[in-house]
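Trainee: Given chain L, work out where chain A should sit, using these hints.
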Amino acid sequence: MLKSLWTFLKSPSSAALWFILAIGFAGGVIFWGGFNTALEVTNTEEFCISCHEMQDNVYEEYRETIHYANRSGVRATCPDCHVPKKWTDKIVRKIAASKEVWGMLTGIIDTREGFVDHRRSMAEREWKRMKENDSLECRNCHNFEYMDFSEQGNRSVKMHSDALASGEKTCIDCHKGIAHELPDMKGVEHW
Amino acid sequence: MKLLPLFFTVVTFVITTHVIAQEKVNPGGLETIRGASTIDETRPAESLKRVIKDKNPIARNYVHQPPVVPHQTRGYRVDTNSNKCLNCHSWKYAAETGATKISLTHFETRDGKTLSDVSPRRYFCSQCHVTQADAAPLVENTFKPVESLGNE
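Chains L and A are the protein sequences, given in the same order.
The numbering of the first sequence is this note's numbering, which starts it at 20 and goes up by one.
The numbering of the second sequence is this note's numbering, which starts it at 838 and goes up by one.
Chain L on its own, in the form it takes in the complex (with noise of 0.2 Å):
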């Protein structure tokens, strides 16, 4: 019995060798297919704020802002902000999220009052993140090179033309807070 099944392992398969192939492919596609699909749901707002840390705390702040409610109805939701597009940069990031998991299990933002006391650190993680990809997810919309001064502000084009456009600073430099609340700006710089 055991040595026919050897026999049998050891034996090379009369099954034509297109067929095995094509299985092998069909397979691969599933499941890259799948694998994707799952983390493209990952990557929705849907998902975000299916947890009430960020139901409750992040997402209700970010309604009030331009990039929720504004004139031309284009929304940034939750991942262009915080996932880049780029697909080994997205896993690398999804990675680093899933840190977020044993938070949400551990409940260290569970209640309005931890989320608060945390604001700091997570703002500041991500301050760090945006500074060091040179703000890569605001300038998937935001292109400096397509940018208009005669159509910004006084105060935007001063700005702009100045620190952006030598480099020295990058946009979160500046726009910190935009989409959420801040944590307390004591020791930040130039706050």
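Just so you know, the hints here were simulated from the structure itself, not pulled from any lab data.
Only a predicted model underlies this, so the values are computations on that prediction, with no experimental measurement involved.
A portion of the hints provided could be inaccurate.
[Claimed, not checked] Pairs of lysine-lysine, BS3-like flavour, derived with a Cα cap of 27 Å:
#1 L:Lys177 <-> A:Lys981
#2 L:Lys188 <-> A:Lys929
#3 A:Lys921 <-> A:Lys938
#4 L:Lys113 <-> L:Lys150
#5 L:Lys205 <-> L:Lys188
#6 A:Lys938 <-> L:Lys147
#7 L:Lys188 <-> A:Lys886
#8 A:Lys950 <-> L:Lys150
#9 A:Lys950 <-> L:Lys177
[As the list claims (entries may be wrong)] Here are some, though not all, of the chain L residues that point toward chain A, as calculated from beta-carbon distances under 7 Å:
#10 Met166
#11 Ser169
#12 Gly172
#13 His199
#14 Pro202
#15 Asp203
#16 Met204
Cβ coordinates follow ideal geometry from the N, Cα and C atoms, glycine included.
Mentor: Just chain A, lined up with the frame of chain L:
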């Protein structure tokens, strides 16, 4: 003959309801800035005014008038954690940003003591400094701004 009391009852009822109804819609001859409207009707709200986008400082009308805000301030939070106005208007950053500095009176407490930073009573900018919109005066008036403050 038996119908007479019934007739009176009906007449009284009609008159009473009529009088009550009339009282309900009587505006009392009063007309507000929003126009004449009866108590039982809700007037549609005025359309929102548009905040001016970004202009140079607007001249003051009288001495000690808090300067008005000639730019948009949407989303500029002023609370215990942060003060977005001071990002540009504080002494620390005004030179760099080209904004008007807050006056030194903002450092004084109500007892006249000068602090090393903005006094809590002067911290909430929009209590005095108002963002300007394209709103025409509701009531005509003959006020003339002070010439010495740069008004024409």
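Trainee: All hints are to be evaluated individually against the structure, with a verdict given for each.
Mentor: Evaluated hints:
no.	hint	result
1	L:Lys177 <-> A:Lys981	35 Å, violated
2	L:Lys188 <-> A:Lys929	18 Å, holds
3	A:Lys921 <-> A:Lys938	14 Å, holds
4	L:Lys113 <-> L:Lys150	18 Å, holds
5	L:Lys205 <-> L:Lys188	20 Å, holds
6	A:Lys938 <-> L:Lys147	30 Å, violated
7	L:Lys188 <-> A:Lys886	35 Å, violated
8	A:Lys950 <-> L:Lys150	41 Å, violated
9	A:Lys950 <-> L:Lys177	36 Å, violated
10	Met166	15 Å, violated
11	Ser169	12 Å, violated
12	Gly172	3 Å, holds
13	His199	10 Å, violated
14	Pro202	6 Å, holds
15	Asp203	5 Å, holds
16	Met204	4 Å, holds
Violated hints, in rising order: 1, 6, 7, 8, 9, 10, 11, 13; the structure is consistent with all others.
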